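Colleague: Here the structure of chain A is known, so what remains is to put chain B in place on it, guided by the hints.
Protein chains: 2
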Amino acid sequence: MQAPTESPAFRTRFVLIQTSHAGNVGAAARAMKVMGFDDLVLVQPRWANVLRRQETIERASGANDVLDKARIVETLDEALDGMTHLCATAMTPRDFGPPTRAPREHFAQLVQSATPETGAQGVAFLFGSERFGMRNEDVYRCHTCLSIPTNPQFGSLNLGAALQVIAYEWRQALGAYPVQEATAPPVRADAAQVAGMLAHLEQALVAVDFLDPAAPKKLMPRLNALFNRAGLTQEEIHILRGVAKAMLETAEKARR
Amino acid sequence: MQAPTESPAFRTRFVLIQTSHAGNVGAAARAMKVMGFDDLVLVQPRWANVLRRQETIERASGANDVLDKARIVETLDEALDGMTHLCATAMTPRDFGPPTRAPREHFAQLVQSATPETGAQGVAFLFGSERFGMRNEDVYRCHTCLSIPTNPQFGSLNLGAALQVIAYEWRQALGAYPVQEATAPPVRADAAQVAGMLAHLEQALVAVDFLDPAAPKKLMPRLNALFNRAGLTQEEIHILRGVAKAMLETAEKARR
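Those protein sequence lines, which keep their order, are chains A and B. Per this note's numbering, the first sequence starts with residue -14, numbered consecutively. Per this note's numbering, the second sequence starts with residue -14, numbered consecutively.
You can trust all of the hints, since none of them are fake.
Derived CB-CB ranges, DEER-like:
| id | chain 1 | residue 1 | chain 2 | residue 2 | range |
| --- | --- | --- | --- | --- | --- |
| 1 | B | 115 | A | 191 | 47 to 57 Å |
| 2 | A | 70 | B | 33 | 41 to 51 Å |
| 3 | A | 31 | B | 140 | 24 to 34 Å |
| 4 | B | 205 | A | 93 | 26 to 36 Å |
Far from chain A, by Cβ distances over 12 Å, these chain B residues were calculated:
| id | residue |
| --- | --- |
| 5 | -6 |
| 6 | 2 |
| 7 | 53 |
| 8 | 123 |
| 9 | 178 |
| 10 | 196 |
| 11 | 200 |
| 12 | 232 |
Simulated from the structure, these hints should not be mistaken for laboratory data. Since we're looking at a predicted model, the values are computed, not measured. By construction, the Cβ of each residue, glycine as well, lies at the ideal position given by its N, Cα and C atoms.
So that you can see chain A by itself, here it is in the shape it has in the complex:
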C-alpha cells in the first residue's frame, strides 16, 4: 500500500533548534517517519555529529532515511528556506507574539484556507531546546504559536512526545492514513436469523429445565435485548445454534 502523497498544497518541515539530547533527535526522526514526513533540519544542535550518534540511531529505530536526509545548519534563516508558514511550539507566555492556537483547530483552518490562489505553502514546525524553549526573536517571526492543550499543573511535554502529537495532528489534517482493519469485517446477522436462533435457544433452555414454559417470566426478551445490544454476527448465530443443539442432544440422552 502506498503512503498518501503529501497534499500538493503543503510541504512540511520540522526544525529543531539547539537540541541537546541526541535521543530526542532520534525520537523526532521516528515520530516524523511514522506520520509520513521526512524533512528534518537541526539548527545548532549540541552535538555536531548528532545524526550519527549511537543514541540517536537507537531511538530513531529504523527511521535512518530521515536522519540521512537531515540537514544541520548554523542559523534559523538557513533552516527556513522555502517555508511560508511558521509554527512555533512554545509553552511559556510572552508579552507579545503570534496568536496561540491548539494544533487541531489551527491545522483545520490552515488546510481549509488552502486554495489554488494561495499557492503552495511550506509549513515549518519549530521546536526550541529542551531546557530553554524558543528564543523570543524566533517566536516573533512565526505566524502561529501552537500550544498542545495539557494539564495546567504539568505541561511538561517531552520534545519527542510533543513532535509526535504535532506530526500526528498535521497528518490527520492533511488526510489521515486509513486504519488498517486487522480482521475481516464481520457479517451481521439480520433480525430473522436472531429470532430463529432465539427460538432454537428457547427450546434448549426448556430441555435443560432452566426455562419453565408455564412461567417464562421475561427470560427470552432479556436474552433478546442482550443479543441485540451485542449486535450478533452470522458466525455467532452458528455458534449459539450449535450450543442450543448440543443442549437439546444432551437433554435427549438424559431422558433415555
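Modeller: Positioned in the frame of chain A, the structure of chain B alone reads:
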C-alpha cells in the same frame, strides 16, 4: 487554574504489559500526567524495581506522583479490576479479534454513547511489550483494538509516543484543557481607522516621491488589500501612522 475534573462517566487507566525498557515506563508516566491521568498499572515488567530505577525517574521528568501511585501486578486480571471497556493497542493483524478503530473516531463514539443509563465506565488502555506487542489472548478480551493511523511503510511507534497520542486523543474527547492564550488578545482596527491610516500613508508616499498623484496606478488599493489581509490591530495603526508622520517630517526637512 484547576485541572478539569475527569468526566464522572469515565475512569481511565493505562496498563503496560511486560514492558522491558525502564525509560518507557517513565515516559508513560510523564505522557499521562501531561494529559491529566494518573492511574498506571504494570503487568510483569521486566524490572521488579522499575518504578524506582534512575532511567524511569529521569524520563518521568517530574511525574513522580504517577510513579508513586502506580501498581505492579502479576496478571492482567489483577490490572483490570473495575474496568469495563478495554482498548487494546495492537498493530499486527490477527485472524480474529475486536474491531480495529482509529482512536479519534472510537473515542468520539464512546463519549457520545455514555448516558446516565449506561453507568460509569472504567476505560483501560492496554499496551503490550516493546518487542512482542500484545498476546492474542489479551487482545481477544478487549472491546476494541485501537490503531493509530501511521505510515503504512513505517508504523513503528515508540511505546511512549503511542501512549502520548492515545492520552492526548482521550483527553481531547473528554473535553480538552483550554489553550492558554500567551498574549493579550489584540484589538482589531475598524474600517475607518484603516482608511484614515491609508490616507495618512498616501500623503507620506507622495511626500517622499514614491507615489505620483498624477499617475497613482493601483498603489493605494494594493496596500489596502495587503493590510486587509493582515487584519490590522489598533496598535499597528498607530505604528503605521507613526511611520507616515516620520516620512512627512523628513520630507519637510529635505525641502528646506
